[in-house]
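Participant: Chains as they are written, first to last, in this note's numbering: chain A, 122 to 368; chain B, 579 to 1053; chain C, 1361 to 1554.
None of these hints come from the bench; they were simulated from the model.
Treat each hint with caution, since some may be false.
[Said to hold, decoys possible] Short derived list, chain B residues pointing at chain A, Cβ under 8 angstroms: (1) 595; (2) 614; (3) 621; (4) 627; (5) 628; (6) 631; (7) 713; (8) 973; (9) 980.
[As the list claims (entries may be wrong)] To give an idea of the interface, some chain B residues facing chain C are shown, with a C-beta separation under 8 angstroms as derived from the structure: (10) 771; (11) 786; (12) 858.
[To be verified] Far from chain B by the CB rule (all over 12 angstroms, computed), these chain C residues: (13) 1364; (14) 1368; (15) 1400; (16) 1413; (17) 1421; (18) 1422; (19) 1427; (20) 1440; (21) 1453; (22) 1477; (23) 1489.
Just so you know, even glycine gets a beta-carbon here, dropped at the ideal spot from N, CA and C.
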Amino acid sequence: MKIALFAPCFVDQLYPGVAVAALRVLERLGIDVDVPGGAACCGQAAANAGFERDGHRALRCVVDAFEGYERVVVLSGSCAAHLRTHAFAVGPSGVRVAERTTEFCAFLHDEIGLDAVASLGATCSQRVAVHIGCHALRNLGLARPSEIQRPAFDKVRALLGTARGISFAELTRSDECCGFGGTFAVLEPAISAKMGRDRLRDYRAGGAEMIVSTDPSCLMHLGGIARRAGIGLPMRHVAEILAGEAR
Amino acid sequence: MTTPATRRLPVVEGAGPIDHAAAAALFIADEDRADWHDRALWYVRAKRDVAAAAVPEWEALRDLASAIKEHTLSRLDDYLIQFEAHATANGARVHWARDAEEHNQIVLDILVGRGARRLVKSKSMLTEECGLNPYLESHGIEVVDTDLGERIVQLRHEPPSHIVMPAIHLKKEEVGDTFHEHLGTAAGLSDPVELTAAARAHLRDRFLAADAALSGVNFAVAESGAIVVCTNEGNADLGTALAPVHVASLGIEKVIPRHDDLAVFLRLLARSATGQTLTVYTSHMLAPREGQELHIVLVDNGRTVQLARKEFWRSLKCIRCGACINTCPVYRRSGGHSYGSTVPGPIGSVLTPGIDLERYAALPFASTLCGSCTAVCPVKVDLDGQLYAWRQHVTAAGYLSASKVAVIKTSAQVLGRPWLFRALGAVGRSALRILPARLTRMGAGVWARSRDLPHVPPRSFHAWYRANRVRTRQP
Amino acid sequence: MTARDEILGKVREGLPPFTPLPDVRAAAHSFANPAVNQAGRFIEAARASGARVTESTRDDLASLIPELYPDARAVLSSSPSVAGTMVFSEDPHALGDTDLFVCEATLGVAENGAVWIPASRVRHRAALFLAANVAILVERYVLVHDLHAAYAAIDVAVDGFGVFVAGPSKTADIEQALVIGAHGPKSLSIILLT
């Protein structure tokens, strides 16, 4: 199975380490993975800001770049959700790509399996707060959302659980939004920052020594707030833990 | 003890567009109070979770409720006619109002026709929407809101900040001050039990002296003509069981087909709203009492327009439980008044833009699209999907501010051209690394007011990939 | 054109695509329906709503009521098994000083501790809300599992009015502090009869 790895725009530019870690994880798992050059951005930011049509141009580049791959593995829950929900708008190729798009953790959990992931031999001696991005959680089924009355499951925690030595911080609000929301961060900056501060407070109260997320955008937001407040709380993507790049 | 600043904001009281972000910033400025408000609402959300978890078939009930509502809306004309026929046969008078003005006129005419001067009202967001109270008062009718939370905000001349808990934004000391001023309770009295007792005595006189009672309607059952009113305080019943005139106002979307369907909604309503299994009183009124007149006013006021909107008609499934409002992390931190609309929060933000898109253009953006609202909604309104759709309408109509438009369009054009994006990215990244933090913070504007900029890596992932992987793939 | 015609016309123009009405009764049957210990569930739910629940027989009511309400002077009763001290006046406004109102429910719902009282069981519905305290008698054998079963069993339309009562009146409108006894009765007793 030939898969394409999609490092969305800001991951490519600002968090290349996350993408390198993800690539190494996939390669070590024996997966045939490409990183096509033609894809930059899924257009989510423009679409969520109300400029869906402007976002289509970016979406079209992405769809063109990923046509022909059996899977498109995305390093961001919100971007994966956006592709799956909106790629149909650029035509039949968009429909095909949407169906084959999956987020990184979902791909590892559902299609590669925990046993294989455990064979990576990751270790992590930290107490970790797991932050699943809202789209990954409620649109992509990475865990049972706290609102829903169904049996509980958490694919991200299961993946991280393969890292020897890891422990998890218990939170008072298991899945409240971090407040990034893309353009929300600049259109409603006061609430956005407040929501981020409140998440950090909850994570720290639970004894978290590190925050691990499915979404680099959440990490960017929480990281920016933490640094401004002088809080040294490392932020990592799941891929970095599994690649053994976090202690 | 200060009064919340938001209710006095020109940005929500004037006639122009609502600036939710500015109102929210003011609310947050008193961070302790914002935290208190946030915790109070979260506590209600948590009670909802406990109640829902005790019902094994909870998700099946949501599916049923959604399907019943969607069916009803797809045959709304038939059900309205059926309801009217049964209600009329039961002895009720059914009226139809195209808009708020017509509703208010009808209610006034009924009261004047019976020589009624003293009206007691139980909770009705519809009458709030229609501005009924000031209209009646300007015609010499004494209007007393009898729901305790509604009475408190009525005495304070404020709008309610939540559709189920109208005074959730107030501290007990503030209620105490209001009662001291208007009910003559002791200065500094803030014990909720004593304050409630004072309100009970004060309102009891009103109930006994009322010429007319007006209630909202939670559900109108087409197969029998019954109107169903749910309260915890018993105030709707105290009013309607005593007064010689009962006026019941409802939006046309409140009709449901059968009593069997009522069971589904009632099992979901109180649990979603407050975590109770059922409200204390669920009254089914079909016929007027002996010697009483029962008037039922069916109101459109924009509902038919919403019904015709392919993207937004599902918002009419709403049963006004308030669960979406309680769960919304933005509402909890900005308060109901910051929306400047009768109904705040997620459901308010999908209903109100349909009434006046220019004035309420900001509301669909008062959200991170986290989807928690959609997940708690007992009738499965796709709230986050509708918020997203309204955003497209707002920008198409040109109602997003020019500066915001510029930022968004520029980034969209760059990101649509990968080569340009990478070139600019390289420039941007090097600029960020060289310039002092203070300058980059200014340049990055709004982002940097409360967050540090991300550390800038020397090389993008694609550059790394080209350097480290691409060579090995050449044949 | 009347407002009615105009509104109905607009509704017809804007109707969403037809979707069928689900089979609610079939769904209700599929929900777990333990036939055992409805009384236990009912009592627990009624107490959780703030009601006092006592079990008794009809014969014991004459001594039970004064025991539960030693201070009640003005007692109004629409139950044939309990004698009141007040008469029902024509005007419900005259019931404002009732200390205790006793009536009978025709059905109880185990999932929420609610009881169903149709108009025929109360001479004036105002009594249920004006009385300072309310006691409701309900036979054990009329307890049903949930609201689905309740609506299948009752005929809502028969009396022109009916109410589910689940506990004493209450409010939490002042800083979310629960206060029992809002505008309606300050206490509710359910007397479960065998």
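Participant: Would you mind marking each hint as holding or not holding in the structure?
Facilitator: For each hint, the structure was consulted:
no.: 1; hint: 595; result: 13 angstroms, violated
no.: 2; hint: 614; result: 13 angstroms, violated
no.: 3; hint: 621; result: 11 angstroms, violated
no.: 4; hint: 627; result: 7 angstroms, holds
no.: 5; hint: 628; result: 11 angstroms, violated
no.: 6; hint: 631; result: 6 angstroms, holds
no.: 7; hint: 713; result: 34 angstroms, violated
no.: 8; hint: 973; result: 3 angstroms, holds
no.: 9; hint: 980; result: 14 angstroms, violated
no.: 10; hint: 771; result: 5 angstroms, holds
no.: 11; hint: 786; result: 6 angstroms, holds
no.: 12; hint: 858; result: 5 angstroms, holds
no.: 13; hint: 1364; result: 4 angstroms, violated
no.: 14; hint: 1368; result: 5 angstroms, violated
no.: 15; hint: 1400; result: 15 angstroms, holds
no.: 16; hint: 1413; result: 15 angstroms, holds
no.: 17; hint: 1421; result: 24 angstroms, holds
no.: 18; hint: 1422; result: 28 angstroms, holds
no.: 19; hint: 1427; result: 25 angstroms, holds
no.: 20; hint: 1440; result: 22 angstroms, holds
no.: 21; hint: 1453; result: 6 angstroms, violated
no.: 22; hint: 1477; result: 10 angstroms, violated
no.: 23; hint: 1489; result: 5 angstroms, violated
Going down the numbered hints, you'll see the structure goes against 1, 2, 3, 5, 7, 9, 13, 14, 21, 22 and 23, while the others check out.
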